[in-house]
Amino acid sequence: MLEGLKGFIDLFADPQLFFATTVVALVLIVWKREAFSSTRWGWGLMIFLTVFFAFGLTDSDFNLIITKPDNVPIVGLIFLLVFFTWFSMRQAVDNDRRAAGGQPPIEKDEEDRVWTWPDLVYTELISMVVCTVVLIVWSIGLEAPIEQPANNANTPNPSKAPWYFLGLQEMLVYFDPGLAGVVLPSLIIVGLMAIPYIDKNPKGNGYYTFNERRVEITIFLFGFVVLWSSLIVLGTFLRGPNWNFFGPFEYWDIHKLEALTNVDLSEYVWVRGFGMALPDHWFVREIFGILLTIGYVAVLPVLLARKGLTKYYEKLGPTRYYVTVILFLSMLSLPVKMLTRWAFNLKYVVAIPEFFFNI
Amino acid sequence: MADTKTIEPKAPALVRAWDWITETQIWTSIFRHAAPINDRNRVLVMLSNVFLHMHPVRLRKSGVRLRYTWCMGGISFFLFLVLTFTGLLLMFYYRPTLEYAYSDIVGLREHVPLGIMREMHRWGAHAMVITVWLHMFRVFMTGSYKPPREFNWNIGVIMLVLTLLLSFTGYLLPWDQLAIWAITVGSNMARATPFLGHEGPGASLMALGDVQLVHAADDARFALLGGTFVGEGALLRFYVLHCVALPLVIGFLMAIHFWRVRKDGGISGPL
Ligand code: HEM
Numbered sequence: 002m003l004e005g006l007k008g009f010i011d012l013f014a015d016p017q018l019f020f021a022t023t024v025v026a027l028v029l030i031v032w033k034r035e036a037f038s039s040t041r042w043g044w045g046l047m048i049f050l051t052v053f054f055a056f057g058l059t060d061s062d063f064n065l066i067i068t069k070p071d072n073v074p075i076v077g078l079i080f081l082l083v084f085f086t087w088f089s090m091r092q093a094v095d096n097d098r099r100a101a102g103g104q105p106p107i108e109k110d111e112e113d114r115v116w117t118w119p120d121l122v123y124t125e126l127i128s129m130v131v132c133t134v135v136l137i138v139w140s141i142g143l144e145a146p147i148e149q150p151a152n153n154a155n156t157p158n159p160s161k162a163p164w165y166f167l168g169l170q171e172m173l174v175y176f177d178p179g180l181a182g183v184v185l186p187s188l189i190i191v192g193l194m195a196i197p198y199i200d201k202n203p204k205g206n207g208y209y210t211f212n213e214r215r216v217e218i219t220i221f222l223f224g225f226v227v228l229w230s231s232l233i234v235l236g237t238f239l240r241g242p243n244w245n246f247f248g249p250f251e252y253w254d255i256h257k258l259e260a261l262t263n264v265d266l267s268e269y270v271w272v273r274g275f276g277m278a279l280p281d282h283w284f285v286r287e288i289f290g291i292l293l294t295i296g297y298v299a300v301l302p303v304l305l306a307r308k309g310l311t312k313y314y315e316k317l318g319p320t321r322y323y324v325t326v327i328l329f330l331s332m333l334s335l336p337v338k339m340l341t342r343w344a345f346n347l348k349y350v351v352a353i354p355e356f357f358f359n360i
Numbered sequence: 014m015a016d017t018k019t020i021e022p023k024a025p026a027l028v029r030a031w032d033w034i035t036e037t038q039i040w041t042s043i044f045r046h047a048a049p050i051n052d053r054n055r056v057l058v059m060l061s062n063v064f065l066h067m068h069p070v071r072l073r074k075s076g077v078r079l080r081y082t083w084c085m086g087g088i089s090f091f092l093f094l095v096l097t098f099t100g101l102l103l104m105f106y107y108r109p110t111l112e113y114a115y116s117d118i119v120g121l122r123e124h125v126p127l128g129i130m131r132e133m134h135r136w137g138a139h140a141m142v143i144t145v146w147l148h149m150f151r152v153f154m155t156g157s158y159k160p161p162r163e164f165n166w167n168i169g170v171i172m173l174v175l176t177l178l179l180s181f182t183g184y185l186l187p188w189d190q191l192a193i194w195a196i197t198v199g200s201n202m203a204r205a206t207p208f209l210g211h212e213g214p215g216a217s218l219m220a221l222g223d224v225q226l227v228h229a230a231d232d233a234r235f236a237l238l239g240g241t242f243v244g245e246g247a248l249l250r251f252y253v254l255h256c257v258a259l260p261l262v263i264g265f266l267m268a269i270h271f272w273r274v275r276k277d278g279g280i281s282g283p284l
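Chains as they are written, first to last, in the numbering used here: chain A, 2 to 360; chain B, 14 to 284.
So here's chain A without its partners, still in its complex pose (with noise of 0.2 Å):
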């Protein structure tokens, strides 16, 4: 029975099961908000992340892998992130409630001005001593780790980023390091910085709404929770050795073998579809995943401008337009390689080893 349930969890943190649940539950979470909100569902999602952790510890296994020393704030940040997502939401809903019945949000009726002394101060001293406590109960609680001496001969495996970087770490098994460890990064910090300038919405601005920030918000618990976060998670603790995917319950066998049968776009399409010998210049050889990833950044935002996108394009103008539609596209194509690499185990779209640029 409990390995049957152990099982069963092992199965669903399969990195495909484990990205489409995330996914679901991020729909649910905005779809149903106003449930999801509900003082009920925190209490429930915290208790059950609790036992869950609990009843986790009494497994060898999964015990040894989130009592490692290092992976123990991210147990942290399961907590206080589902914590922030629902209680965020609360208060969004909770002011959406009040615009519905005509009230200002609810940060409006606070407008009025208190003493820095002592309204604010002893909040902040408050929050240091707390702080400091938390700090020094964890210090005196959980050792630093250190391991043996630095060997450069000696490769451990699995070899892991720091927990932070985790999610570009998975990124590697889409994309090559150019792209997971360079480009992509950078378009995260760029994209970061650009939202202030492409957002041209100006309500929601110093109160938690919804409904009046339907599309930002989304958008960004996509790649905030979604994509950064749970790929940290899934980096965290269920990839072991060879960065092979093990579920919570499972032993981090040094020997599992996974089939790598993946298979670059130019291969299927000359010698499967064609049924031919791969052409000898890589420009021919790779033509069709080349104008694959043209259409994808230069002709799809300029399509979807036309049609799907219009109200958009007429809203932001086309600078903003185009910066926000290829920013998003960018940050898309790291589930769209998840779901080509799942469904037709396409290794690359483009692929020119010649100068190390692979796609």
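None of these hints come from the bench; they were simulated from the model. The hints are all genuine.
No more than 25 Å apart at the CA atoms, straight line, and that leaves these computed lysine-lysine pairs for DSS-like: (1) A:Lys69 / A:Lys7; (2) A:Lys201 / A:Lys308; (3) A:Lys109 / B:Lys74; (4) A:Lys204 / B:Lys74; (5) A:Lys201 / B:Lys276; (6) A:Lys109 / B:Lys276.
Given the structure of chain A, go ahead and fit chain B with the ligand onto it with the hints provided.
Chain B with the ligand only, in chain A's frame:
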């Protein structure tokens, strides 16, 4: 007519002692005005105290609510201060060389009774990464990046990157297996930087005639590590970045960040 004398009841000893202390020249030279128990002094305390002067005198009620700010910006700042302090103490014990780095960290555990400075520094750093993310999350959810606060959001994004870099550079310093391999995995990506990494797309185009400009010993990764692998050069580079350069830059940006919070009209709220 008989003189009636009113006798003031004597104040309790503690009160008298307090009154006496607060009237000494020493006290009045430090605190320029009485305790902030009335409105006038509540203004004065904010204006005259260097630690408090970054606050406004008064602010909107929603702005002091934990419900609104989650206090995450404040906690990030506090953690930064804790990290600066504990980091300074660690610097007394730690030497960034291949010979000593590891043993200094081990020594810290073995020779310092009840020492938790390393723990406070490490867990504080993890916590700061998380609180900075959550701060960004709340700033987004309250739409506080919208005009006039666009620029401050950008300062924030840079500080977010710096926070991650601080954490990343610090990760190497214990010089154990965990450290060098995490940094190796992380910095290997730089090898594939377009044009500037020797295994990056376009690197082969960076050539003068048939002289390759970008190769393993002068590419982006080399600049980061001061070598072709994570070795002595990387340790020194990361140490200097971690203890001097990055904290200075982020501290400077924090000053601008807080200044701008004030100048952009204080904590955001509905118009
Ligand atoms: C090193 C880390 C950071 C520190 C110490 C810090 C500190 C603070 C503090 C103390 C405040 C006052 C209000 C509050 O506590 O919420 C604040 C406000 C603000 N922060 Fe940060 N912050 C940091 C990073 C960031 C990041 C990563 C962003 C965004 C990407 C950001 C954007 C903002 C904005 C826009 C405000 C104004 C919010 C408002 O008026 O409601 N900050 N910051």
